[in-house]
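Enquirer: Read off the chains here:
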Amino acid sequence: MITRSLKTTATALAAVAALSFGLAGCGSDDDTATDGASTGGSSAPSLDLVSSGTLTVCSDVPYAPFEDFDKSAPSGFKGFDIDIVSYIAQDLGLQLKVLDEDFDGLQSGLTLNAGTCDVVASALTITDDRAKNLDFSDSYYNSEQSLLVPDGSSIASLADTSGKKIGVQKGTTGKSYATDNAPSDATIVDFPSDAELFQALKAGQIDAILQDYPVNYDHQQAGGFTIAESYDTGEHYGLAVKKDNTDLVQAIDGALQKMHDDGTYDKDYSQYFPPAAS
Amino acid sequence: MKRTTKRRLRQGGLYVVLLVAVVFVILKVDWTAVHEDLWGPGLGDNWHDLIVTGVKNTLLYTAIAFGCGLVLALLLALMKLSPVFAYRWLATAYIELFRGLPALIAMLGMAFAVPIVFHWKAPGGTLGAGIVGLIMVAGAYMAETLRAGLQAVPKGQAEAAKSLGMNSFHTMVSVVIPQAFRIIIPPLTNEFVLLIKDTSLLSFVGAAIGQRELTNVAHDFETSGSTAGTATSLAQAALLYLIITLPLTQLVAWLERRQRRAR
Chain E
1 MITRSLKTTA TALAAVAALS FGLAGCGSDD DTATDGASTG GSSAPSLDLV
51 SSGTLTVCSD VPYAPFEDFD KSAPSGFKGF DIDIVSYIAQ DLGLQLKVLD
101 EDFDGLQSGL TLNAGTCDVV ASALTITDDR AKNLDFSDSY YNSEQSLLVP
151 DGSSIASLAD TSGKKIGVQK GTTGKSYATD NAPSDATIVD FPSDAELFQA
201 LKAGQIDAIL QDYPVNYDHQ QAGGFTIAES YDTGEHYGLA VKKDNTDLVQ
251 AIDGALQKMH DDGTYDKDYS QYFPPAAS
Chain V
1001 MKRTTKRRLR QGGLYVVLLV AVVFVILKVD WTAVHEDLWG PGLGDNWHDL
1051 IVTGVKNTLL YTAIAFGCGL VLALLLALMK LSPVFAYRWL ATAYIELFRG
1101 LPALIAMLGM AFAVPIVFHW KAPGGTLGAG IVGLIMVAGA YMAETLRAGL
1151 QAVPKGQAEA AKSLGMNSFH TMVSVVIPQA FRIIIPPLTN EFVLLIKDTS
1201 LLSFVGAAIG QRELTNVAHD FETSGSTAGT ATSLAQAALL YLIITLPLTQ
1251 LVAWLERRQR RAR
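Which chain is which? The protein sequence lines are E and V, in order. Counted from 1, the first sequence has number 13 at position 13 by the numbering used here; the numbering is strictly sequential. Counted from 1, the second sequence has number 1140 at position 140 by the numbering used here; the numbering is strictly sequential.
These aren't lab readings, by the way, just hints derived from the structure by calculation. For glycine and all other residues, C-beta sits at the position ideal for the given N, C-alpha and C. Treat the hints with caution; some may be incorrect.
Stretch-level coverage of chain E by chain V, calculated; a stretch enters the list once three of its residues show a Cβ under 8 Å from a Cβ in chain V [claimed, not checked]:
1. 102 to 116
2. 122 to 133
3. 163 to 175
4. 182 to 195
5. 202 to 210
Whenever a hint applies, use it, and build me the whole structure from the sequences.
Expert: In structure tokens:
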């Protein structure tokens, strides 16, 4: 009996060893990925990509109208951010692959540093703090913050939230704005994503949501909720890449410029946003 | 070949495989990256909030969930042993339901669905609701442990108590339940350790700044403070969790050894 159990242990150990070697094989793919951009078209220099021939984009989905699920789309996702990166991928002659990742890791640079993806397209506001850990493209969207309340709420402005609960999303500029500007006796409750945030407002667990204007606008359009106030915070959304991947930033900026020039940007923009939003 | 030689060879082979695996892992790890990303400079600034807010709340929430869960579990276990069929059936249904659900779903349900459906909110906002969810799941798990413990008390004990003129309530409270607890202390400690780790799910239901448990605090340090942009705070939290859980798992092992000797 003893020898038999030893044998099984040996097999298991061998399997573990084989597995780790196999993983090592996967790991070394990173090195070969660099020359893969030869398939990339136009004038783009050879790009440092996670997976050759593919622009791997990370986004925290859903965050309509910037990113949402869409089974019928080739990437499996839709939204303004997705349209932007689709255009860029096409312009650079790359395949587009979109991954759904947690926002906190995206905005901190953690996901990019881990080599999960090349580009973050997740309604990411350009800030100095974030720019320490990742590189931003030119901005592609100007965002405002806004306060969403249920219809008939007594809250008409941020000043009315005294003694109330304001919901915010972890790691967002909306959270910073609420922390800096809400009355001191308002409670700021943070949630991992807009999904939980909106559920909490619906369930009456919080009294208001301080969130990016377009997201709250979507909730308002769905009915039952009103944007009480909006705040011009001078925020700009940018695409982010791993720190010091300058070639990729330049390629993205070039594609963005092209998108503005040929009118695709305006066409896509009007598809998602009310003219008054920005 | 002799049997012992064969065995020695096989054991030697096992050691070689293990050694190769260990050496391989050590060589494969990028130690500079470990230093920069997992144990970065400036991590000293994080300890205060991690411990004073994070560890404190983690232990507080675990204690609440464990205490209330245990009361619920005792009720369920007694129902399961009840001579009334409806009680047995109800307890079984509850236990199967909540053991079959991920704790996260139960917590989200208490926080976001119950207020809409029942027009009732658990005290303490979403976080309180999350803890109630945790209690309901913990209660279901511990109920099964308790039932096994109650049934493991030899029948003769209850019979002896009855023959001394105790009524069935008195028998249960002063004879059966105390002995059952002695049997189930090791599995209950295990449940406590599981609960400590499950409190990390509470960040999903939302928390105000002073309500954050350990994982939530660590999560915030990924984006703010002097180690922003690295996973350092997560590594710190991992270490703190181990400091709490390892003595407890050792305690379980010790209790089990002692119990085996007592038999």
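Enquirer: Each of the hints needs a verdict: does it hold here or not?
Expert: Going through the hints against the structure:
1. Chain V is given as covering the segment 102 to 116 of chain E, and this holds because 7 residues of the stretch bring a CB closer than 8 Å to a CB of that chain, at least three being needed.
2. Counting residues of the segment 122 to 133 of chain E whose beta carbon lies closer than 8 Å to any beta carbon of chain V gives 3, which reaches the threshold of three, so the coverage claim holds.
3. Evaluation of the coverage hint for the segment 163 to 175 of chain E: fulfilled, as 4 residues show C-beta separations to chain V shorter than 8 Å, against a requirement of three.
4. Counting residues of the segment 182 to 195 of chain E whose beta carbon lies closer than 8 Å to any beta carbon of chain V gives 6, which meets the minimum of three for the stated coverage.
5. Judged by the Cβ-Cβ criterion of 8 Å, the segment 202 to 210 of chain E is covered by chain V as claimed, because 5 of its residues qualify and three suffice.
The earlier numbered hints are all upheld by this structure, with none contradicted.
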